[in-house]
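These protein sequence lines map, in sequence, to chains C, B, G, R, S, A, F and Y. With the numbering used here, letter number 26 in the first sequence gets 26, and the count goes up by one each step, no holes. With the numbering used here, letter number 12 in the second sequence gets 12, and the count goes up by one each step, no holes. With the numbering used here, letter number 147 in the third sequence gets 147, and the count goes up by one each step, no holes. With the numbering used here, letter number 49 in the fourth sequence gets 49, and the count goes up by one each step, no holes. With the numbering used here, letter number 141 in the fifth sequence gets 141, and the count goes up by one each step, no holes. With the numbering used here, letter number 48 in the sixth sequence gets 48, and the count goes up by one each step, no holes. With the numbering used here, letter number 92 in the seventh sequence gets 92, and the count goes up by one each step, no holes. With the numbering used here, letter number 30 in the eighth sequence gets 30, and the count goes up by one each step, no holes.
Calculated from the structure, these hints are not laboratory results. Just so it is clear, the structure is predicted and the values come from calculations on it, not from any experiment. Just so it is clear, CB atoms sit at the ideal spot from N, CA and C, and this is done for glycine as well. Be a bit skeptical, because a hint or two may be false.
Computed list of lysine-lysine pairs in DSSO-like fashion (alpha-carbon distance at most 30 angstroms, straight line) [stated by the list, open to error]:
(1) 54(B) with 88(C)
(2) 88(C) with 88(B)
(3) 54(C) with 88(C)
(4) 88(F) with 54(S)
From the structure, some residues in chain G lie toward chain B, with a derived Cβ separation under 8 angstroms [to be verified]:
(5) 31
(6) 36
(7) 39
(8) 43
(9) 46
(10) 48
(11) 63
(12) 64
(13) 66
(14) 67
(15) 68
(16) 70
Between beta-carbon pairs, the in silico distance windows are [to be verified]:
(17) 39(A) with 25(C): 55 to 61 angstroms
(18) 112(A) with 35(B): 31 to 37 angstroms
(19) 29(A) with 50(C): 55 to 61 angstroms
(20) 50(G) with 24(C): 53 to 59 angstroms
(21) 27(Y) with 27(B): 53 to 59 angstroms
8 protein chains.
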Amino acid sequence: MTLDVYLSGEIHTDWRERIVTGAEGLDISFSAPVTDHAASDDCGVAILGAEDSKFWHDRKGASLNAIRTRTYIERADVVVVRFGEQYKQWNAAFDAGYAAALGKALVVLHPPEHGHALKEIDAAALAVAETPEQVVQVLRYVLTGELPR
Amino acid sequence: MTLDVYLSGEIHTDWRERIVTGAEGLDISFSAPVTDHAASDDCGVAILGAEDSKFWHDRKGASLNAIRTRTYIERADVVVVRFGEQYKQWNAAFDAGYAAALGKALVVLHPPEHGHALKEIDAAALAVAETPEQVVQVLRYVLTGELPR
Amino acid sequence: MTLDVYLSGEIHTDWRERIVTGAEGLDISFSAPVTDHAASDDCGVAILGAEDSKFWHDRKGASLNAIRTRTYIERADVVVVRFGEQYKQWNAAFDAGYAAALGKALVVLHPPEHGHALKEIDAAALAVAETPEQVVQVLRYVLTGELPR
Amino acid sequence: MTLDVYLSGEIHTDWRERIVTGAEGLDISFSAPVTDHAASDDCGVAILGAEDSKFWHDRKGASLNAIRTRTYIERADVVVVRFGEQYKQWNAAFDAGYAAALGKALVVLHPPEHGHALKEIDAAALAVAETPEQVVQVLRYVLTGELPR
Amino acid sequence: MTLDVYLSGEIHTDWRERIVTGAEGLDISFSAPVTDHAASDDCGVAILGAEDSKFWHDRKGASLNAIRTRTYIERADVVVVRFGEQYKQWNAAFDAGYAAALGKALVVLHPPEHGHALKEIDAAALAVAETPEQVVQVLRYVLTGELPR
Amino acid sequence: MTLDVYLSGEIHTDWRERIVTGAEGLDISFSAPVTDHAASDDCGVAILGAEDSKFWHDRKGASLNAIRTRTYIERADVVVVRFGEQYKQWNAAFDAGYAAALGKALVVLHPPEHGHALKEIDAAALAVAETPEQVVQVLRYVLTGELPR
Amino acid sequence: MTLDVYLSGEIHTDWRERIVTGAEGLDISFSAPVTDHAASDDCGVAILGAEDSKFWHDRKGASLNAIRTRTYIERADVVVVRFGEQYKQWNAAFDAGYAAALGKALVVLHPPEHGHALKEIDAAALAVAETPEQVVQVLRYVLTGELPR
Amino acid sequence: MTLDVYLSGEIHTDWRERIVTGAEGLDISFSAPVTDHAASDDCGVAILGAEDSKFWHDRKGASLNAIRTRTYIERADVVVVRFGEQYKQWNAAFDAGYAAALGKALVVLHPPEHGHALKEIDAAALAVAETPEQVVQVLRYVLTGELPR
Numbered sequence: 001m002t003l004d005v006y007l008s009g010e011i012h013t014d015w016r017e018r019i020v021t022g023a024e025g026l027d028i029s030f031s032a033p034v035t036d037h038a039a040s041d042d043c044g045v046a047i048l049g050a051e052d053s054k055f056w057h058d059r060k061g062a063s064l065n066a067i068r069t070r071t072y073i074e075r076a077d078v079v080v081v082r083f084g085e086q087y088k089q090w091n092a093a094f095d096a097g098y099a100a101a102l103g104k105a106l107v108v109l110h111p112p113e114h115g116h117a118l119k120e121i122d123a124a125a126l127a128v129a130e131t132p133e134q135v136v137q138v139l140r141y142v143l144t145g146e147l148p149r
Numbered sequence: 001m002t003l004d005v006y007l008s009g010e011i012h013t014d015w016r017e018r019i020v021t022g023a024e025g026l027d028i029s030f031s032a033p034v035t036d037h038a039a040s041d042d043c044g045v046a047i048l049g050a051e052d053s054k055f056w057h058d059r060k061g062a063s064l065n066a067i068r069t070r071t072y073i074e075r076a077d078v079v080v081v082r083f084g085e086q087y088k089q090w091n092a093a094f095d096a097g098y099a100a101a102l103g104k105a106l107v108v109l110h111p112p113e114h115g116h117a118l119k120e121i122d123a124a125a126l127a128v129a130e131t132p133e134q135v136v137q138v139l140r141y142v143l144t145g146e147l148p149r
Numbered sequence: 001m002t003l004d005v006y007l008s009g010e011i012h013t014d015w016r017e018r019i020v021t022g023a024e025g026l027d028i029s030f031s032a033p034v035t036d037h038a039a040s041d042d043c044g045v046a047i048l049g050a051e052d053s054k055f056w057h058d059r060k061g062a063s064l065n066a067i068r069t070r071t072y073i074e075r076a077d078v079v080v081v082r083f084g085e086q087y088k089q090w091n092a093a094f095d096a097g098y099a100a101a102l103g104k105a106l107v108v109l110h111p112p113e114h115g116h117a118l119k120e121i122d123a124a125a126l127a128v129a130e131t132p133e134q135v136v137q138v139l140r141y142v143l144t145g146e147l148p149r
Numbered sequence: 001m002t003l004d005v006y007l008s009g010e011i012h013t014d015w016r017e018r019i020v021t022g023a024e025g026l027d028i029s030f031s032a033p034v035t036d037h038a039a040s041d042d043c044g045v046a047i048l049g050a051e052d053s054k055f056w057h058d059r060k061g062a063s064l065n066a067i068r069t070r071t072y073i074e075r076a077d078v079v080v081v082r083f084g085e086q087y088k089q090w091n092a093a094f095d096a097g098y099a100a101a102l103g104k105a106l107v108v109l110h111p112p113e114h115g116h117a118l119k120e121i122d123a124a125a126l127a128v129a130e131t132p133e134q135v136v137q138v139l140r141y142v143l144t145g146e147l148p149r
Numbered sequence: 001m002t003l004d005v006y007l008s009g010e011i012h013t014d015w016r017e018r019i020v021t022g023a024e025g026l027d028i029s030f031s032a033p034v035t036d037h038a039a040s041d042d043c044g045v046a047i048l049g050a051e052d053s054k055f056w057h058d059r060k061g062a063s064l065n066a067i068r069t070r071t072y073i074e075r076a077d078v079v080v081v082r083f084g085e086q087y088k089q090w091n092a093a094f095d096a097g098y099a100a101a102l103g104k105a106l107v108v109l110h111p112p113e114h115g116h117a118l119k120e121i122d123a124a125a126l127a128v129a130e131t132p133e134q135v136v137q138v139l140r141y142v143l144t145g146e147l148p149r
Numbered sequence: 001m002t003l004d005v006y007l008s009g010e011i012h013t014d015w016r017e018r019i020v021t022g023a024e025g026l027d028i029s030f031s032a033p034v035t036d037h038a039a040s041d042d043c044g045v046a047i048l049g050a051e052d053s054k055f056w057h058d059r060k061g062a063s064l065n066a067i068r069t070r071t072y073i074e075r076a077d078v079v080v081v082r083f084g085e086q087y088k089q090w091n092a093a094f095d096a097g098y099a100a101a102l103g104k105a106l107v108v109l110h111p112p113e114h115g116h117a118l119k120e121i122d123a124a125a126l127a128v129a130e131t132p133e134q135v136v137q138v139l140r141y142v143l144t145g146e147l148p149r
Numbered sequence: 001m002t003l004d005v006y007l008s009g010e011i012h013t014d015w016r017e018r019i020v021t022g023a024e025g026l027d028i029s030f031s032a033p034v035t036d037h038a039a040s041d042d043c044g045v046a047i048l049g050a051e052d053s054k055f056w057h058d059r060k061g062a063s064l065n066a067i068r069t070r071t072y073i074e075r076a077d078v079v080v081v082r083f084g085e086q087y088k089q090w091n092a093a094f095d096a097g098y099a100a101a102l103g104k105a106l107v108v109l110h111p112p113e114h115g116h117a118l119k120e121i122d123a124a125a126l127a128v129a130e131t132p133e134q135v136v137q138v139l140r141y142v143l144t145g146e147l148p149r
Numbered sequence: 001m002t003l004d005v006y007l008s009g010e011i012h013t014d015w016r017e018r019i020v021t022g023a024e025g026l027d028i029s030f031s032a033p034v035t036d037h038a039a040s041d042d043c044g045v046a047i048l049g050a051e052d053s054k055f056w057h058d059r060k061g062a063s064l065n066a067i068r069t070r071t072y073i074e075r076a077d078v079v080v081v082r083f084g085e086q087y088k089q090w091n092a093a094f095d096a097g098y099a100a101a102l103g104k105a106l107v108v109l110h111p112p113e114h115g116h117a118l119k120e121i122d123a124a125a126l127a128v129a130e131t132p133e134q135v136v137q138v139l140r141y142v143l144t145g146e147l148p149r
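Construct all of the structure, not just a fragment, from the sequences and the given hints.
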């Protein structure tokens, strides 16, 4: 079984790379949103034409990104959602809700100090991790039954 | 047709009351989460027993609240999600994602300065309002076809 | 059993009234889009704020109308879609596709000269009528087993 | 990930070829209806026997074509619907509604002058393009995150 | 709880009346196809216009009847399908398959000599009865827990 | 909102009565399996005819009971599953799995010493209670936001 | 695209072979029930133990066969159901209803004299053929757009 | 067709090995929970951090295991659930209910003396076997139509 894992959320640190590298050798197909912040913000107007209004500039981009994110989330077995130290990250929480409603296995990754603010999302998750390495261990266990030594 | 409308999100201002009052006379059944912050935080341990760990204290409460919120969201035709001036409000964004994945009509209510941070959620919505009065007008129009004079 | 019937499509003639009047006495709950053309076009900007661009002016209105039309279509047992003599009426065809994908019983109402252009939609329908009176007879038969004399 | 993309709608210009050619090198599996107009119109009677009535002639053909179109739409991740300069194109709008109800990512392609008539369909779409080249850019961005230079 | 029970199949004996009469006092809402054989056969052409071909005459009628039967089956909690002594009764078997795929509780009613020919349908059923009175007892037990004395 | 609550599991103590009595005044519609053990065991053969084999005697009864239990579980918002001090109670665990797969809000009620053996089921639940009175408090909180004093 | 086609129904003539042979070269994966009549009837007792009662002998076999038939039907894009000259063939009609409720593309194959008795099933089908060769032509057209010369 | 078969339940005997070995040569992809009892119990705390409370120790482990078991069950065509001679095995029954609600083909494997206690689960199954070898014969028959000699 190839496990399909979608890595949602924070795009300013190397947590995705640490998971993908750590999971080498496991039969996992990883996917993620576009993590180039500028491209992600401007894709809509870059392709479909400029907008005077920031609101519609954002709408065009967010809609294009949704083609990718929804397709990947719907195909995923496991959705990992990362909340970082800064920013609102409402789209990460939105993805978590979207994945939960579809019955996906949800894994949440965040520093412990966000625990209270994220309690509803943690409660919908099957695992709450603090480090990318724990997520790798979760995925390894799920696929092979092996625990970290 | 009675329209079922769930009012999700921020619990520190009177926006729900303004919508419910403004919508008097319309055939709408409103629902909402428990908006007593203390009760909402402590319901789990108050009923099911104390916890030493804050994490599990929160888990018990969030899970109890999920019995109510998921039942209401699944029954709703329209889910209104309000983002306020402060706090992380990740559970509001989670509800929005949950509602979107279920195909509910989503209405988002937030001050314009949150527009960029909420662009993915706005893009999943059928209406983005700035005031509770606009939400009332949306609901009145949906049910009666009447526009504000 | 109350039959829920949604009347989609053309808004320039009195076909809805003829069906509703003809069906008096039958246990049917009829619903329809907002049929005030001006209100339907302008509802978005009237409630949620003006737009410079016609495209987004239309987007806002179409999205508001979708709150109503999708809710009604999802609740309907039977969706009647009327194609009239003029206009593109792409939203009528869109509603027909939407209803078909949801497994709704589809009834199409159009003059015979549109038959070839509507063949894919007719093929998805359980009845193709030419007059509102035939639709009434269909609904009466479905509910009571009575045929026209 | 191979992206499954269905190209629905107008069959009188080379827009499909332009998209398929433009997307060479991307991991996309394209599908489309039968675009031979005569075969598409006559397939039913050619295989299953002649009909005296034009209505049933059309019905037989439209039903056969539905075996293909529904299968492809249900398998697709993205449904691109093209509206051209002429004809009613109600089946394109029907496909758009069908895809929308199934939760497919919808991309609409049409000249700007059709904007008002297509506003309900545009509002259900995640991208509205004017040229096939823009659709290619959308698909490239979705798969690779690359923007046009 | 009102139990919705659809009575499908054979229309030449009084088995429906015996069930409805026997179930008086129970909180059941019964539904059934149109059981007037002539009306059921001719409804399509009577309402929507005559056909030269028997095949399309039948198609029009069967499609109209499907508006009723599918609506009722989709609303039912329990679908009772009766196979009588004569005729092919393929539509009864079709209804049984339709109900089974929707996860409805299926009750089959037939004389024991049809057991082998109906073994696939019996295997999909939660009860196989030989008399309408047994069906009444099943429904009474399901609603009240009372067994026949 | 009337909350639909199904009370599954152990039938040898008065836990259901304690919940129903405790919840008086709340807008709840309770349902339950047939709790007359003898009737539940023998309903199949009592209505549909005796069986020589105990296996098929049991099959007939279990299938009849499934008409009731599946209908109620599918209609429920909340499924409460009680595990008592004795017996295998595999059907209680089966109901819990059935409810979980349907996305119902699951509440589990069992003495703490069963915690390890029930850990998979507890992990699928939104509340784990030890007494019927706690279940009443959960239901009261869910409907009214009131906590026990 | 590999088209998954399930061939249901009559097992006493070579219609399946004619379709499979005729479709050589097309990208189709065919499936079918076990067509060895004796094995199909006796599989249950041969594997799971003898039964005194013919009814339960049949039940065991029909249930085993359902493992195969439901798996194949659920995976199929197209379900072809053949009704032959003799026997009740209720399981063919059951499969047709099952496939229709799942939204599969249904193709029915029967001699014209069964038309009236099969009118409800024909009305749920996208093609009604009289010969296996027509079914091959339908499949070829669906996959390639080619019509018979 | 590769048949996906999930082997749920008892982990203290070699029944899975006997099925996998017996099915060699058949086109089956087998999956199973982690069957290392200690790893399965402690995976949660080993990866995500220790817990003082046994209840939450168990919760963390059960939730991690659910990532694997639900993914496999949702992908399976056939779910085989084994009940052994000892232990409560409530999670086996939970899996059976979960699989049944998803419409999976359920095969139950248990010694005959458990028949009465398992009657509700047996009634939801398409086959009830007493030995792993019978399960192999069931799978061989389903895939090839061959009966044991």
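Taking the least C-beta to C-beta distance, is residue 36(G) closer than 8 angstroms to chain B? 6 angstroms, holds
Does residue 54(S) lie within 30 angstroms of residue 88(F) when you go C-alpha to C-alpha? The given pair, whose Cα atoms are some 23 angstroms apart, holds under the 30 angstroms limit.
C-beta pair residue 50(G), residue 24(C): status relative to the range 53 to 59 angstroms that was hinted: 55 angstroms, holds
Classify the hint on residue 46(G) as holds or violated, based on whether any CB of chain B lies nearer than 8 angstroms to its CB. 5 angstroms, holds
Between the beta carbons of residue 39(A) and residue 25(C), is the distance compatible with 55 to 61 angstroms? Given about 58 angstroms between the Cβ atoms, the range holds.
Double-check residue 43(G) for me: the hint is only fine if its C-beta lies closer than 8 angstroms to a C-beta in chain B. 5 angstroms, holds
Less than 8 angstroms between beta-carbons is the criterion; does residue 68(G) satisfy it with respect to chain B? The hint holds - residue 68(G) has a Cβ within 8 angstroms of chain B, the shortest such distance being about 5 angstroms.
Does residue 66(G) meet its interface restraint, that is, does its C-beta lie within less than 8 angstroms of any C-beta in chain B? At about 5 angstroms, which falls below the 8 angstroms cut-off, the nearest Cβ of chain B leaves the hint on residue 66(G) intact, so it holds.
Compare the distance between the alpha carbons of residue 88(C) and residue 88(B) with 30 angstroms, and conclude whether the hinted pair is satisfied. 6 angstroms, holds
Is 31 to 37 angstroms respected by the C-beta to C-beta distance linking residue 112(A) and residue 35(B)? Since residue 112(A) and residue 35(B) have Cβ atoms about 33 angstroms apart, the given range 31 to 37 angstroms holds.
Next pair to validate is residue 54(C) with residue 88(C); report whether the Cα-Cα distance is within 30 angstroms. It holds: about 18 angstroms lies between the C-alpha atoms, which stays within 30 angstroms.
Let me know if the C-beta of residue 70(G) comes in closer than 8 angstroms to any C-beta of chain B, holds or violated. 6 angstroms, holds
Comparing the model with each earlier hint shows no violations; every hint is respected.
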